Amino acid sequence: MTPANLTHVHWVKSSRSSGNGQCVEVAAFDGAVACRDSKDPKGPILIFGHDAWTNFLAETKDGFPQR
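Each residue of the sequence shown is one higher than the last, beginning at 0 in numbering that gives the first Met the number 0.
Be a bit skeptical, because a hint or two may be false.
Unchecked claim - List time: in silico DSSO-like cross-link candidates among lysine-lysine, alpha-carbon distance up to 30 Å: (1) 41 x 60; (2) 12 x 41; (3) 12 x 60; (4) 12 x 38; (5) 38 x 60.
Said to hold, decoys possible - Estimated spans, in silico, between C-beta atoms of each pair: (6) 21 x 60: 18 to 28 Å; (7) 62 x 7: 27 to 37 Å; (8) 50 x 18: 29 to 39 Å; (9) 48 x 18: 25 to 35 Å.
Derived from the structure by calculation, the hints contain no laboratory data.
These numbers were taken from a predicted model, which means no experiment stands behind them.
From the three backbone atoms N, C-alpha and C, an ideal C-beta is built for every residue, glycine too.
Please put together the full structure from these sequences, using the hints given.
Okay, structure coming up:
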């Protein structure tokens with residue numbers, strides 16, 4: 000999937016982002032979640048399936064995964 004395929008999505012900046020430019024944006028679409036660096040909106044995008052994203056959030060909610 001290329002960034003052109005995501006022109007219809009609404010990107011949201013993380014509420015955990017600081018004011019120093021280290022921000023993550025996410026967009027939900029078609030059962031998946033896309034993530035990108037807000038400083039480089041035309042750069043690489045990571046795409047996670049809904050289940051993978053849900054598991055990632057659950058594991059990182061209280062800190063980094065213990066693996």
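Tell me the hint numbers this structure goes against, listed in increasing order.
none
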